[in-house]
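Q: Residues per chain, in single letters:
Protein chains: 2
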Amino acid sequence: MLGSYRSYDTAMSPKITGELLRQLRQAMKNCKFYSEPIQAYIVPSGDAHQSEYVAPCDCRREFICGFNGSAGTAIVTEQHAAMWTDGRYFLQASQQMDNNWTLMKMGLKETPSPEDWLSSILPENSIVGVDPWIIAADQWKNMSRELTSAGHSLVAVQDNLIDAVWMDRPERPSTQLRTLGLEYTGISWQDKITALRGKMSKRKFTWFVATALDEIAWLFNLRGADIEYNPVFFAYAIVGVNTIRLFVDLKRLSAPAVREHLQLDSPSKPELSIRTLPYESVYTELQAICAALNPKDKVWICDKASCALTQVIPKANGSPIPYTSLCLAKAVKNATEIQGMKVAHIKDAVALCELFAWLEKEIPKGGVTEISAADKAEDLRSQQKDFVGLSFPTISSVGPNGAIIHYRPLPETNRTLSVNEVYLIDSGAQYVDGTTDVTRTMHFGTPSAYEKECFTYVLKGHIAVSAAVFPNGTKGHLLDSFARAALWESGLDYLHGTGHGVGCFLNVHEGPCGISYKTFDDEPLEAGMIVSDEPGYYEDGCFGIRIENVVLVVPSETKYNYRNRGSLTFEPLTLVPIQVKMMSTELLTQKERDWVNEYNRKCRDVIGAEMQRQGRKEALDWLIRETQPIV
Amino acid sequence: MLGSYRSYDTAMSPKITGELLRQLRQAMKNCKFYSEPIQAYIVPSGDAHQSEYVAPCDCRREFICGFNGSAGTAIVTEQHAAMWTDGRYFLQASQQMDNNWTLMKMGLKETPSPEDWLSSILPENSIVGVDPWIIAADQWKNMSRELTSAGHSLVAVQDNLIDAVWMDRPERPSTQLRTLGLEYTGISWQDKITALRGKMSKRKFTWFVATALDEIAWLFNLRGADIEYNPVFFAYAIVGVNTIRLFVDLKRLSAPAVREHLQLDSPSKPELSIRTLPYESVYTELQAICAALNPKDKVWICDKASCALTQVIPKANGSPIPYTSLCLAKAVKNATEIQGMKVAHIKDAVALCELFAWLEKEIPKGGVTEISAADKAEDLRSQQKDFVGLSFPTISSVGPNGAIIHYRPLPETNRTLSVNEVYLIDSGAQYVDGTTDVTRTMHFGTPSAYEKECFTYVLKGHIAVSAAVFPNGTKGHLLDSFARAALWESGLDYLHGTGHGVGCFLNVHEGPCGISYKTFDDEPLEAGMIVSDEPGYYEDGCFGIRIENVVLVVPSETKYNYRNRGSLTFEPLTLVPIQVKMMSTELLTQKERDWVNEYNRKCRDVIGAEMQRQGRKEALDWLIRETQPIV
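Heads up: the sequence lines are chains U and G, in that order.
The numbering of the first sequence is full-length UniProt numbering, which starts it at 1 and goes up by one.
The numbering of the second sequence is full-length UniProt numbering, which starts it at 1 and goes up by one.
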């Protein structure tokens, strides 16, 4: 599943914002919030943890302007209100915002950056305010530098001004916590803390501040349901050389299972005793810690953490750095996590094959729509063991809708599946043992020669990445062109990256590795990392093609071993057959045909056995038919 | 030809530096040079134009420490003297420096950066000095930031302290200027100035400061010989909306041909009248220009220009930016330049084929050495029309010497060529119509199966890049992995980039495009750019393999044309046969065999015709034999 977007179910009529803007502008002038009046107020999309998906209480940019896409920055000045978003959202944003707002179309040459726009409209020496909790340290740094060089100043307004005018703002979610035992995590949270302290000591850090929600969930082997699709919970953690502080809504810790899991009442060792504090107290607690720092103490915090927290740390005691130790440790899955991911993918494949068998039968009758197909997929997944929910909103798209990369079916766009159009479904689920994300492109009638040709180029790219052998230490972005070479040769391409990291019963998108021409500072791939491999091709107005597997980085045996570096390759975890009907097999090399046959054979063997076990006869018949080898 | 290195002919006994260091340290304390004593003095490698190769008068780092490799930074404090260089030069540097110096081995974990080292040994609030002319603006910025954050300050010492103690420092070269007519350049300097002004006006710049020697040579259609292998001359240029200032040793402008070329005595239009000023006056002249700037005037200068010049420009009037307009304009060759490059490569191929025919005959007799082979190559090249000199020192290496990537034969390493070892020659020349750079790996007896296997993987990589089709706008670094895929699959690799830009009768290395996994900020490839394609494989202690062609970026006809972007591919300009004897042809695909046959056929047709014209019968016989198709 590519990039992110937020749910988009609301009506398409613009939100009326005149009164809200009047109130916000009053707040901007009110010295209760900042010692001087501020001339511009920035409203970013994120939450205090820089989450990709955010909870309803954090949808402040949506609240103030009405636009609810995943990416966008609103800025309000005394005279103007403008909102920047990218090409995916131009239409949606123009429909959701009233004429108090100017839509700033990012990526167009004539569109100024927020900083340039501010410089062009603000009087000299203006004060630009932002909530320091929802802007990351690195973003703050860049924006502040640009505004300063234009003669203005960026200031941190501690109380959020949107919250000040948002009367019916939802509560911050505080869902029940789920504890994960060693059978799912492979490593106890105590051992994770110890490993973290090892890395801290090696790099001479005395404190570690964790702010990313998936890192905290991973560290403590806990899960929540505070954000849709993401099994995380609102928390911070600060780990010292012999102390652990966990900041979380304390009510959540009353459940006996959670208390026992965290050993709150009887810690095994003093240095593994967790001090629990209210979620909101992280700021004052970090201040207290920093006030007591020795000059030699160093604090480790990520530059993606909020500006509010990073600014508490004295410069002499450490500056924010790009990746945290947890982010990397979480990315490299251990044997138990890998086993869990494999099991989750097997269950997920059973459900998806069942969907395809059902679609094959139902589509000719008419009446299957993009939405009903997505619902059916969810229903089938939910029958699988340890199903928790979807890992992102299902992209179920047929014909021309498939060419809209971030499509999600809505009642007003919902199209009926037919035997005449290509169907693309990008979907995935959260199971207690793992997270899935798979895209298949199917035709339930007879695909055109051009559809098959394009599909085959995409398949060649998918195989080129999946079968690539590369040295240890290679960064994923160096593999991106392998996915495109066959498309390029015919003058085709796709305008998105090729892969992202995938969490284990965690976020479907995670860092610090991936496969994309857009990044350069990704971490090298190592055995145990899990990424997606998802090239595509999109013909506007006609069809979309994407073939996505989740793949595991594994060691590769090679004939030679230059400088003893060792080699890596990928093992597909996703085991859903790739439709032979969509292939122009004469365009495949023998090696590629062998790959397809071996892959589909593995799907038949592994998923077939599970279907047999579950007694899913119809799906099994479909599977066996769909996995006949190409000759 | 990969990266750069400097001539390395001097004896390997260390330079005695005790007295020199004493004098330098006195100068550091002498308030004649800086208002306060300075605690550390940095001696970078570069000249005031950040040239890759430098003239003898600019070899200051070599003078102070004795080490004459291409890369290295020396720092002298009251107590210490240390020199940083990379793995290519550890041995050489340790042999050339006496024990006053500490060798700092870059790339090893335990080696501190210069900034960290300074912070660890200097007393608080120390002053670190550097000559602002030989440090680029971007380097200054980074170094200054790091030193400041450690409590020190980086200061510009206008008089170079090495020059102050360098009694017999050579004069700055001032070789005769060569004018190039339209038949070589395709565009008059007047039209280049007009095009530059067009870009200035589009980006709202009123002044353009040119400091890179190859850009100035290109702009004025002039060449010099001030730096070995690089047909450039010491100069600066400042272009305004209707003025042109050229800063150069004025004696060089007395030749009537040069005066006429530059229209010094009768400019065609006032805005194309060149005001000539002494080389040294650029600083005061830029100061005078900046003093008269209006607030809206913007000055365009590259962040690779010297800190000395960039700091003259008030921040409000523009900050240094990564690439100049000239750098990009120069990189995209026009039809005349392309034609000239083609002709130069044909002549160069005749000479190289002749060398190989001669080697084939002479090696079995014994007595051909790496040095004599290199001399023979130069002799044969010098017989070709419009030969000016070599474009870099010839890498002529046999057997284990071939595995030393930056090898250059010296009397003490000189090895005799034999029918039992692989021979690698990386060489090139400057002709008035173009610059060449070609590597061939040959065996004059029977190569081993392993040598052939490795050669074939390198060849597959070379072909994968050369035959790649990719969309307009693709950056070269995205093609780098194509060159490695076949090596990677067998567990092999090479630890250098795949290609660099090549000038037209200019520097053999030029920006802003290239093909390397190490860069990310290269400019997209466009039709007319010329780069090298040179994957390799090096087996330490045994042999080296590299196959290098200079290739031209050309439009490619593709079946489809996604979003009307158009596609590109490469056309080899180098036309020297690739030795079939070195190939394991059974490892090649049919497409690869076709590529080799088509390439060698083109060599036979084009170079054969020229040999016939020149009456070089023996070379022609060799060529025809070496270009028989693989079956």
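Bear in mind the hints are in silico, worked out from the structure with no lab data behind them.
The beta carbon of each residue, even a glycine, is placed where N, CA and C say it ideally should be.
Hints are not guaranteed to be accurate.
No more than 30 Å apart at the CA atoms, straight line, and that leaves these computed lysine-lysine pairs for BS3-like [unchecked claim]:
hint, chain 1, residue 1, chain 2, residue 2
1, U, Lys141, G, Lys29
2, G, Lys29, G, Lys141
3, U, Lys518, G, Lys475
The calculated label-pair distances, taken between Cβ atoms and stated as ranges, are [to be verified]:
hint, chain 1, residue 1, chain 2, residue 2, range
4, G, Cys290, U, Pro278, 56 to 66 Å
5, U, Tyr560, G, Pro278, 58 to 68 Å
6, U, Arg563, G, Leu250, 49 to 59 Å
7, U, Ser120, G, Val241, 16 to 26 Å
8, G, Glu571, U, Pro123, 50 to 60 Å
Far from chain G, by Cβ distances over 10 Å, these chain U residues were calculated [stated by the list, open to error]:
hint, residue
9, Asn100
10, Thr284
11, Pro471
12, Ser490
13, Asn561
14, Pro572
15, Trp595
Q: None of the hints should be skipped; say for each whether it holds.
A: Hints versus structure:
| no. | hint | verdict |
| --- | --- | --- |
| 1 | Lys141(U) - Lys29(G) | violated, 38 Å |
| 2 | Lys29(G) - Lys141(G) | holds, 25 Å |
| 3 | Lys518(U) - Lys475(G) | holds, 11 Å |
| 4 | Cys290(G) - Pro278(U): 56 to 66 Å | holds, 57 Å |
| 5 | Tyr560(U) - Pro278(G): 58 to 68 Å | holds, 59 Å |
| 6 | Arg563(U) - Leu250(G): 49 to 59 Å | holds, 55 Å |
| 7 | Ser120(U) - Val241(G): 16 to 26 Å | holds, 24 Å |
| 8 | Glu571(G) - Pro123(U): 50 to 60 Å | holds, 56 Å |
| 9 | Asn100 | holds, 32 Å |
| 10 | Thr284 | holds, 27 Å |
| 11 | Pro471 | violated, 5 Å |
| 12 | Ser490 | violated, 5 Å |
| 13 | Asn561 | violated, 5 Å |
| 14 | Pro572 | holds, 18 Å |
| 15 | Trp595 | holds, 14 Å |
In terms of the numbered hints stated before, the structure departs from hints 1, 11, 12 and 13, listed from lowest to highest.
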